[in-house]
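First to last, the sequence lines map onto chains U and F. Position 97 (the first sequence) corresponds to 97 in the working numbering; numbering is contiguous. In the working numbering, each number is its position in the second sequence, counted from 1, plus 314.
Note that these hints are calculated values from the structure, not bench results. Take these hints with a grain of salt, some might be off.
Covered stretches of chain F (in silico footprint by chain U; criterion: 3 or more residues with CB under 8 Å from a CB of chain U, positions within the stretch not fixed) [said to hold, decoys possible]:
| hint | region |
| --- | --- |
| 1 | 354-368 |
| 2 | 457-466 |
Straight-line distance between alpha carbons at most 25 Å, and here's what the computed DMTMM-like set of lysine to aspartate or glutamate pairs gives [unchecked claim]:
| hint | chain 1 | residue 1 | chain 2 | residue 2 |
| --- | --- | --- | --- | --- |
| 3 | U | K131 | F | E677 |
| 4 | U | K300 | U | E286 |
| 5 | U | K129 | F | E365 |
| 6 | U | K153 | F | E677 |
A few chain F residues that face chain U, going by a derived Cβ cut-off under 7 Å, partial list only [stated by the list, open to error]:
| hint | residue |
| --- | --- |
| 7 | L319 |
| 8 | N374 |
| 9 | S377 |
| 10 | L436 |
| 11 | G437 |
| 12 | K441 |
| 13 | H444 |
| 14 | L451 |
| 15 | A522 |
| 16 | S673 |
| 17 | G676 |
| 18 | I678 |
Ideal Cβ placement from N, Cα and C applies to all residues, glycine included.
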Amino acid sequence: MAANKKKTMNQKHDRRTFLKGAATCAAAGSALIASGCNNRPLPGGDDEMSVRWKEYFKKNYQLMTPEEKEATIRRLEQLSKLDYDVDASIARTEPRGKVLFGYAFNITRCEGFMDCVQACVEENNLDRKSKTQYVRVFEMENGQMDISTGNGKYFHEVPKEDHFYMGIQCFHCEQAPCIKACPTKATWMEPDGIVVVDYDWCIGCRYCMAACPYWGRRFNWHDPEVPKEEMNKKQHYLGNRMRKKGQMEKCTFCIQRTRNGKLPACAEACPTGARVFGNLLDPDSEIRFVLKNKKVFRMKEELGTDPKFWYFID
Amino acid sequence: MLKTLKNELVPFVKDALKWNFSGSRGYQIYLCILFALMVVGFYAYTIQLTEGLAATGMSNIVSWGLYISNFTFLVGVAAAAVMLILPAYIFKDKDLHKVVIIGEGVAVGALVMCLLFILADLGGIIKAWHLAPAIGLFNWPASILAWDVLVLNGYLALNVLVPAYILFCHYNGREPVAKRYRPFVFLSIFWAVAIHMVTAFLYEGLPARPFWNNPLLGPRFLASAFAAGPALIMVVLIVIHRKTVFKIDSQIFNKLRIIIVVAGTVNLLMLFSEIFKEFYSPTHHSLSAVYLFFGLEGHNALVPWIWTSITLNLTAIVILGFNPGKNNPKILMPVCVTLFFAIWIEKGMGLIVPGLIPSPLGEITNYSPSWVEIGVTIGILALGTFVVTMLIKPALFIEQRFEELHGESA
Numbered sequence: 001m002a003a004n005k006k007k008t009m010n011q012k013h014d015r016r017t018f019l020k021g022a023a024t025c026a027a028a029g030s031a032l033i034a035s036g037c038n039n040r041p042l043p044g045g046d047d048e049m050s051v052r053w054k055e056y057f058k059k060n061y062q063l064m065t066p067e068e069k070e071a072t073i074r075r076l077e078q079l080s081k082l083d084y085d086v087d088a089s090i091a092r093t094e095p096r097g098k099v100l101f102g103y104a105f106n107i108t109r110c111e112g113f114m115d116c117v118q119a120c121v122e123e124n125n126l127d128r129k130s131k132t133q134y135v136r137v138f139e140m141e142n143g144q145m146d147i148s149t150g151n152g153k154y155f156h157e158v159p160k161e162d163h164f165y166m167g168i169q170c171f172h173c174e175q176a177p178c179i180k181a182c183p184t185k186a187t188w189m190e191p192d193g194i195v196v197v198d199y200d201w202c203i204g205c206r207y208c209m210a211a212c213p214y215w216g217r218r219f220n221w222h223d224p225e226v227p228k229e230e231m232n233k234k235q236h237y238l239g240n241r242m243r244k245k246g247q248m249e250k251c252t253f254c255i256q257r258t259r260n261g262k263l264p265a266c267a268e269a270c271p272t273g274a275r276v277f278g279n280l281l282d283p284d285s286e287i288r289f290v291l292k293n294k295k296v297f298r299m300k301e302e303l304g305t306d307p308k309f310w311y312f313i314d
Numbered sequence: 315m316l317k318t319l320k321n322e323l324v325p326f327v328k329d330a331l332k333w334n335f336s337g338s339r340g341y342q343i344y345l346c347i348l349f350a351l352m353v354v355g356f357y358a359y360t361i362q363l364t365e366g367l368a369a370t371g372m373s374n375i376v377s378w379g380l381y382i383s384n385f386t387f388l389v390g391v392a393a394a395a396v397m398l399i400l401p402a403y404i405f406k407d408k409d410l411h412k413v414v415i416i417g418e419g420v421a422v423g424a425l426v427m428c429l430l431f432i433l434a435d436l437g438g439i440i441k442a443w444h445l446a447p448a449i450g451l452f453n454w455p456a457s458i459l460a461w462d463v464l465v466l467n468g469y470l471a472l473n474v475l476v477p478a479y480i481l482f483c484h485y486n487g488r489e490p491v492a493k494r495y496r497p498f499v500f501l502s503i504f505w506a507v508a509i510h511m512v513t514a515f516l517y518e519g520l521p522a523r524p525f526w527n528n529p530l531l532g533p534r535f536l537a538s539a540f541a542a543g544p545a546l547i548m549v550v551l552i553v554i555h556r557k558t559v560f561k562i563d564s565q566i567f568n569k570l571r572i573i574i575v576v577a578g579t580v581n582l583l584m585l586f587s588e589i590f591k592e593f594y595s596p597t598h599h600s601l602s603a604v605y606l607f608f609g610l611e612g613h614n615a616l617v618p619w620i621w622t623s624i625t626l627n628l629t630a631i632v633i634l635g636f637n638p639g640k641n642n643p644k645i646l647m648p649v650c651v652t653l654f655f656a657i658w659i660e661k662g663m664g665l666i667v668p669g670l671i672p673s674p675l676g677e678i679t680n681y682s683p684s685w686v687e688i689g690v691t692i693g694i695l696a697l698g699t700f701v702v703t704m705l706i707k708p709a710l711f712i713e714q715r716f717e718e719l720h721g722e723s724a
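Just chain U, same shape as in the assembly (with noise of 0.2 Å):
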């Protein structure tokens, strides 16, 4: 009985085998691309190519079951082991109910020091290389308010004179023109209202770049490249886990952080207290004081976006 049992796992063994050793095969037209040559073991008994073959088969992340979800993130947790040598923790918390995040920034109070920037670029594992930004402040010179006369890259000391600043990233529409262009389904909001990327979902056709009215959307040229030890190992699927050449990524309002009550980096980052996060469906939040209480406008009303982001003046 026991050696019966013994031989049945046996073969089951080595059907698994043959079959990891088939599929194997079948991705190395694939996955030589994608890697490199190396086929290196990986903990937990899984070798790098089966690993980077059932990602590349992977679903669109809508259309996964919580199983399948873990599983892609384990893989990625491994992957990021390999590739970058990083312990990476990815999360992928789900919306909380009766939530829906919006914004609002305080363009008499920003002075344009630009550590709201910083602070992204350093959460969100942006690439270093090109100097990718999802956050950017223009310099206004007072009595102008389109921001096409603003100067985004300002490299003197501020506050300047006679000017004001203006921050700008993803809005975040209910309308987003982003999320009917793309082919794929690679980019939607979520319920919480934070428009997300699926980046191994997405083809890389750039049309929500084409489609945003804001600038929003920013490109992965090339890999991009964060050194090790700068590198934000406490990541979220949706969020600030690496991504590759190829993908597009935006701001995600800090989905790692704000899913756990934190605020976006950038929020807690500024200095002068004039960002505003926060809950649009409770009353007692302050971007509900915000929207009662002060004279705020949103950019590009007229297009028809609805964008979850404010600017007001004190």
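With chain U's structure known, arrange chain F on it following the hints.
Frame of chain U, contents of chain F only:
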């Protein structure tokens, strides 16, 4: 049934291959040049594959460049076959009926190039299966790009299957059964307009880009395509007329010339209307047009190109309109090449790049394609030319032989 099909299909394919790869010394050299250019393109593409799209001249501001420009223009060339199909099948024009097959060959070549340009532009080409039915996830009907994938592949299928069926019948010495293919011919007429309008809607549907967000874009696409496409077909016909035993009647040249003049004039009229709108009362939304025609803040990479294009376009249409050579191919040839080149500039880089400049935040940058991009583009163009050649050469043999056997009834 299956056996006879096999007996007829195998020699059909064998003969087609034989005809394609045999020919004069000049033809062999021509094939070798095309092959060499394809190798260049392939090599350039391997570099893009390893380095990523960073190997191109594109950036986060000008995020589409030479590839999408060529794609957009070639959709027009593909749709132009309809300018032969429509008179041939609806108005029963006997002259044009004889050259329909050549127009369809050009359309297939153009469509192959369109699809390759889209693939070359993708950041993750190995994930292109995400667009495939059943295994992928298609954002249809919301995404116009999803529509475009459908209509382009559908049009390719129509333009491959219908001529293949007709040629196959002619090869085996029998008349094709009209009710088997005519419905698809009529479908392809509507489909040609559809690939155009859908491709125009890709751009027209983006309020983020005022230069494209313009209801004239679709109709202008049609008009310019119905000038550039027949111009290319005319060039192909002249080459065939000169280099093969297949002779083209000068009536055909005349009819094509009239089509080009009418479409080209409508195109220029709409261009004038666009220029009027942008410059009579310039708004913030006119900045892209200013960039294109005059340059902005010292960035003027496209200025010489667009003025060259407009000058050549006007000249070509005037010459074709007055027809000083009385349809002499010696004059038609250079004029059609000129017109084709002029519309290639205008509907390619002249349409795509200024749509992205200035950026939605008002930032201005120039774009010039890298050598990798130019190499890949040349490779794809060579491959498309190769496809057109491979389709038209056996088609001419088969049609010639069938006509000799059946006289005028063809």
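Comparing the hints with the structure gives:
Requiring three or more residues with a Cβ within less than 8 Å of a Cβ of chain U, the coverage given for the region 354-368 of chain F holds, as 5 such residues are present. Residues of the region 457-466 of chain F lying with their CB closer than 8 Å to a CB of chain U number 5, which satisfies the three-residue condition for coverage. With a CA separation close to 17 Å, the supplied pair K131 of chain U and E677 of chain F stays within the 25 Å bound. The suggested pairing of K300 of chain U with E286 of chain U holds, with an alpha-carbon distance near 24 Å, which does not exceed 25 Å.
Note on K129 of chain U and E365 of chain F: the hinted pairing holds, with a Cα-Cα distance of about 14 Å set against a maximum of 25 Å. About 10 Å separates the Cα atoms of K153 of chain U and E677 of chain F, which keeps this hinted pair within 25 Å; it holds. With a least beta-carbon distance of about 33 Å to chain U, the hint placing L319 of chain F at the interface is violated under the 7 Å criterion. Hint status for N374 of chain F: holds, given a least beta-carbon distance of 6 Å to chain U, under 7 Å.
Satisfaction of the interface hint for S377 of chain F is found here, the shortest Cβ-Cβ separation to chain U being roughly 5 Å, below the 7 Å cut-off. A distance limit of 7 Å between C-beta atoms decides the matter here; for L436 of chain F the minimum to chain U is near 5 Å, and the interface restraint holds. With its C-beta approaching chain U no nearer than about 2 Å, G437 of chain F sits inside the 7 Å limit, and its interface hint holds. Given the 7 Å rule on beta carbons, the hint for K441 of chain F holds: about 5 Å separates it from the nearest Cβ of chain U.
Hint on H444 of chain F holds. Least Cβ distance to chain U is approximately 4 Å, under the 7 Å limit. Interface hint at L451 of chain F: satisfied, since its Cβ lies 5 Å from the closest Cβ of chain U, which is below the 7 Å cut-off. Taken as an interface hint, A522 of chain F checks out: its beta carbon lies about 4 Å from the nearest beta carbon of chain U, inside 7 Å. Among the interface hints, the one on S673 of chain F holds; its C-beta lies about 5 Å from the nearest C-beta in chain U, closer than the 7 Å criterion.
The interface hint given for G676 of chain F holds, since its Cβ lies 2 Å from the closest Cβ of chain U, which is under the 7 Å cut-off. Hint status for I678 of chain F relative to chain U: violated, with the closest Cβ pair at about 10 Å, above 7 Å.
Of the numbered hints given earlier, the model fails hints 7 and 18; all others are met.
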